[in-house]
Amino acid sequence: MTVLAPGAAPALPPSPYRVVGRRLETSDTATIELEPVRSGLAPFSPGQFAMVYGFGVGDIPLSVSRIEGDRLTHTIRSVGAVSSRLASLEGGASVGVRGPFGTGWDLTAAMGRDLLIVAGGLGLAPLRPLITAALTAPERYGRVNVLIGARSPGDLLYADEAERWRAADARVLVTVDRPDDTWRGDVGVVTGLLNRAEFDPGATAAFLCGPEVMMRATARDLARRGIAADRTQVSLERTMHCGTGHCGHCQLGPLLLCRDGPVVRWDHAEPLLAVREL
Amino acid sequence: MTAGRRDFLQSLPPVHRGWLLGFAHEVTLPAETRIFGEDDVADRFWVVRSGLVALDVHIPGRGPVVVETVADGELLGWSWLFEPYRWHLGARTRSAVEAWEFDAARVRAAMEDSPAAGLALFRTIADQVIGERLRSARTRLLDLYGNDRSRESGVRGAVG
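Going line by line, the protein sequences match chains A and B. My numbering applies: residue 5 is where the first sequence begins, and numbers increase by one. My numbering applies: residue 1303 is where the second sequence begins, and numbers increase by one.
Keep in mind the hints are simulated off the structure, nothing from the lab. As the structure is a prediction and not an experimental result, all values here were calculated from the model. Even for Gly, the Cβ is constructed at its ideal location relative to N, Cα and C. Treat each hint with caution, since some may be false.
From the derived model, a few chain A residues whose C-beta atoms are all more than 10 Å from chain B [said to hold, decoys possible]:
no.	residue
1	Glu143
2	Gly153
3	His250
4	Asp264
5	Leu276
Pulled from the structure, derived: some chain A residues nowhere near chain B, Cβ distances all over 12 Å [to be verified]:
no.	residue
6	Pro17
7	Ala113
8	Thr140
9	Val217
10	Arg269
Pairwise CB distance ranges (calculated) [unchecked claim]:
no.	chain 1	residue 1	chain 2	residue 2	range
11	A	Asp173	B	Arg1308	23 to 29 Å
12	A	Val217	B	Thr1335	32 to 38 Å
13	B	Ala1428	A	Asp184	28 to 34 Å
14	B	Leu1443	A	Ser92	42 to 48 Å
15	B	Leu1421	A	Arg26	34 to 40 Å
16	A	Gly189	B	Arg1336	33 to 39 Å
17	A	Ala278	B	Asp1445	20 to 26 Å
18	B	Ala1428	A	Asp173	35 to 41 Å
19	B	Asp1342	A	Asp184	24 to 30 Å
20	A	Gly73	B	Ser1397	41 to 47 Å
All chains, please: the whole structure from these sequences, using the hints.
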């Protein structure tokens, strides 16, 4: 008999998926599209993640960067053996997928509010399906702001899509840390863009994803501007292995981030992130 | 103005805002205008009302390298406040810019004559300009986006 930890999901075997598309986003980052070989997994929500298995090398957690029916899209930066393998897969290659895992962005809590979506680096990937969902139902929300920070112009993801977001009336602002000679836009940290976002602090929901220091600085800045901590959501990261709440590698205080995260409200996350041992 | 915005002039108490604006006149600068260069005399400063200004450093062999941008509602320049009153960076408009322009010597003299107003202005500059830019520079020193390339067990597509 199998006994699960409270709240833990059963560890199911990976479902076979096939790569049906690949696009190089930057010099070290690619997006792959997967379709189920047989039946698809349960539907994913924006912000949730899958454990994607590269046969012969291992599996890693990957958030979904687009959701279309049974098709899953992941944007992957090559930083190790597994991610490099997955990011290099071409059409027809097979992978194993488990999921969906974790908590997603809570868009229902944002109904009727202005949206502030703040992304740093590859943090834009888990936010993309949230942006798509918000722009698909504009009547449900107020003004939609998308603020993007990246290391350099060459590290920006989804540049053509950002134009479509602008065309759909989102206010999209972009800044880089290290401009090249061709860059004509903002230079500096992403919080520097907040002054030009259009939102009413008393009626705004914020969604942050990026390096933890960036999210901390942004969430604190938003609090100073009057956005309550319980209306800011962050996507947290710790080392994840099982994805099902069994192994404990992703523990952050009382939370197992593969199960209780990655998306966590800032009023819950802030006190935990202040503890160095966590 | 958006309610969530931290605007330099709006951060001053109203009485001191009016006092400072008494020294201002409106200017319009075309795109790609050099406003000042490194080591020029810092005899003016600006509050940007609209548009974008790039702060740059001249590097031999590379030309001006942009280190930060200043946009709507932000103060352009604080070297006018401290001796030797010379700019540490250069500034060039990226787009057409509308701004309030101030005569630095007049404002410094007025700060001496009206210590309460001077202190309010000084505190706002220290908090919103010097402090913000110092925090920003320290954050960028961490090269957060670069350092995040080292793990692949996070959920953002091998970390982002």
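**Request:** Could you tell me which of the hints above the structure violates, numbers in ascending order?
**Result:** 2, 9, 14, 15, 16
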